[in-house]
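Q: The lines below spell out each chain.
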Amino acid sequence: MNEPLPESGPAPLSPAHSREETDRLIAAGESTAAREALAALWRQSSGPATAGFIVSRFEKLRAQLPFTSCRVAILRSFTIEPVIPLLRATAFVGGIDLHVQLGDFDVYTQEILEGGSALYSFEPQVVILAAHTADAAPDLWENFADLSAAEVDAAVRRVGGHFQNLLNLFRTKSKAHLIIHSLQTPAIPSNGVLDAGMEMGQRQAIESINEALAKTARETNNVYVLDYNALVARHGQTQWDDRRKWLSSRMPIAAPQLIHLARQWMRFIHPITGKVAKAIAVDLDNTLWGGVVGEDGMDGIKLSADHKGGAWRDVQRVLLDLYRRGIILAICSKNNPAEAMEAIAKHPGMLLRPEHFAAVRTNWNDKATNLREIAAELNIGLDAIAFLDDNPVERDWVRRQLPEVTVIELPAEPMGFAAALRDSPVFERLSLSTEDRERGRHYAEQRQRAELQQSTGTIEDFYRSLHMKVEILPVDAPSLARAAQLTQKTNQFNLTTRRYSEEQMAELMRSPQWNLMTIRVVDRFGDNGIVGLSMMKTEAGVSEIDTFLLSCRVIGRTVETAFLSVIAETSRRAGATHLTGRFLPSPKNAPAGKFYASHGFTLKALGDPLPEAGETWTFDLRNRTIAFPVWIENVKP
Amino acid sequence: MTDTIETQVLQTASDIFGVPIQSLSLDSSPQTVEGWDSVQHLNLILALEESTGTQIDPEDIEQMKTLGDVVELIRLKKSV
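These protein sequence lines are chains A and B, in that order.
So for the first sequence, my numbering puts the first residue at 1; every next one is plus one.
So for the second sequence, my numbering puts the first residue at 638; every next one is plus one.
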């Protein structure tokens with residue numbers, strides 16, 4: 001049914017009124033509405049005066065709302081204190097509760113060097129290292145014109161080497177993610193326009209240090225460079241630098257720019273904490289193209305490289321970039337399906353085509369219902385979905401109905417849509433695997449498989465029609481990273497939800513008791529890659545399944561049965577008489593709840609001492625087997 | 638206008654120091670308000686610069702001993 005929507009979007013309240021309204025909602029126990037009011041206030045005014053209010057009210061809501069908490073230590077060479085309320089307010093609005101520890105003024109080197117420093121005893125998950133060129137390389141910043149070529153070269157090596165040592169040492173003492181600012185170049189170099197033509201000018205000298213930083217970061221786990229010059233350039237260096245605050249309080253950044261630094265940090269913290277969107281559901285009319293296809297017809301909609309349709313083509317370009325980054329695209333629009341799909345398939349200006357979309361809802365249902373269906377079809381949570389719509393009424397409706405969904409705020413002017421979309425931190429990724437790059441295609445193929453299922457008769461006919469092949473192999477060096485990533489990311493078809501790092505898994509691989517296997521699935525629509533993992537420990541005649549997980553895109557196709565059949569056979573050959581497995585319920589793994597029961601395992605009697613809550617299931621290997629599905633081919637190397 | 642500036646300063650101070658607005662007065666100072674340290678002093682200045690659209694000089698920052706001084710200073714800036 002089509003739910004009635006109000007005539008227009010919500011009128012913004014005055015800041016004073018918003019505050020009163022927020023306090024009323026908190027007092028009334030309406031925490032979700034209070035969060036929306038705070039988010040709206042923060043969008044309207046995100047300066048230091050509002051930040052204190054936002055943080056104090058979110059602290060009251062902490063117990064009622066699900067926040068991801070994260071400990072951040074900031075090491076800095078300059079005054080940065082005023083950024084902290086801005087950072088915490090921005091994080092709270094994004095669903096993250098940040099605990100921030102600020103290192104003392106300009107002692108970052110000592111804090112990293114000393115084993116028992118405040119830095120390490122805080123046990124941060126994220127460390128930000130923000131040094132200013134004036135502090136880290138005072139000679140290059142202040143007296144560049146006095147230096148000989150040899151002295152410049154020595155300074156570049158000294159500073160680059162210093163940071164490399166610091167980062168290496170840090171990595172031996174902490175597993176935290178580290179975000180390091182690259183060094184800023186001056187607005188006007190010491191030698192003026194001559195600098196650009198010099199063999200090693202001031203700008204180039206500082207950039208050489210930054211290149212060395214980037215190299216160290218590439219070679220060190222979980223170290224990321226924040227491109228400080230790009231950030232400053234985006235907001236204008238003459239607006240950014242504040243000489244007056246620098247001289248009076250050692251704060252080099254103008255106060256109105258601090259929010260941009262806080263947001264840039266959040267672009268790293270979102271992917272680190274997993275507060276990211278895996279999929280984006282987009283509206284069509286006036287979002288993906290200009291105009292309404294149902295009224296203007298396919299030839300009448302605006303979509304081209306010039307000024308008439310460029311705004312929407314830009315939006316499509318950003319979405320295509322996200323698709324290449326592994327973010328799943330879906331359509332959630334109020335259209336007649338035939339008209340909409342014809343435009344997507346045939347309009348010459350489209351950059352996106354039907355094969356880019358993994359789920360399609362073009363109907364007249366309300367968008368919250370459609371988003372719920374899209375989440376279910378893609379097998380992801382609503383909190384992993386972002387929503388893009390030009391209509392503020394639809395955005396408001398979705399915010400109210402589905403507070404878990406990330407609604408992308410858009411300006412009234414379509415020329416600003418693409419930039420607003422790029423600005424969202426929920427699409428950031430800190431590394432990109434081959435699996436990520438292929439993900440969008442995998443999901444779109446999945447949609448084609450589902451369509452095939454509807455057109456085939458019995459379920460067995462469907463399985464046969466898929467022409468599935470699986471390859472089950474021990475985890476080795478090339479597959480280790482993917483195997484560890486699967487334990488980190490798989491939530492739904494995951495029996496125990498135990499997370500392992502690459503280091504921990506490598507340790508287990510060396511143990512003769514442990515047996516770690518991955519499964520790769522290929523079908524007529526394509527290669528799904530490595531989509532599952534099992535970890536078994538065999539001891540005193542019993543094989544225990546410590547971990548069994550499958551990516552949701554292959555669930556429901558008997559791949560899990562094939563995998564379990566091979567596990568049982570492997571255990572029998574390793575001398576086990578029994579196979580046991582646990583199911584540890586989590587908020588997300590209900591789809592795996594019936595796995596052992598449906599494969600003939602028996603529930604162990606209660607009273608069995610369990611270190612964790614959950615069920616223990618057992619299977620007698622002496623007189624029973626688990627049949628390998630006949631419609632799957634088991635490829636052996 | 639006077640009342641607006643006074644309310645604005647008290648409201649901003651209440652947000653920054655995290656204390657109820659009723660507990661603050663023009664006599665409030667770092668000695669009477671818990672949490673009013675040098676860092677929060679800087680935060681207060683930045684918030685006031687933003688909300689009142691003024692630029693406060695480093696010399697003036699040192700002169701601001703109470704919220705009354707702050708109100709006085711901003712009133713002066715606004716009247717120029």
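Bear in mind the hints are in silico, worked out from the structure with no lab data behind them.
Do not rely on the hints blindly, as some may be mistaken.
Pair by pair, the computed Cβ-Cβ distance ranges are [what the hints assert, rightly or not]:
1. D664(B) / D104(A): 51 to 61 Å
2. S666(B) / R317(A): 33 to 43 Å
3. L713(B) / P411(A): 31 to 41 Å
4. D423(A) / T641(B): 55 to 65 Å
To spell it out: a stretch of chain A is covered by chain B in this simulated footprint if at least three of its residues, at any positions, have a beta carbon under 8 Å from a beta carbon of chain B; those stretches are [what the hints assert, rightly or not]:
5. 244-254
6. 309-319
The model shown is predicted, which means the values in this text are computed figures rather than measured ones.
Here a beta-carbon is modelled for each residue, glycine too, at the ideal position from N, C-alpha and C.
Q: Taking each numbered hint in turn, which are not upheld by the structure, reported in ascending numerical order?
A: 1, 2, 4, 6
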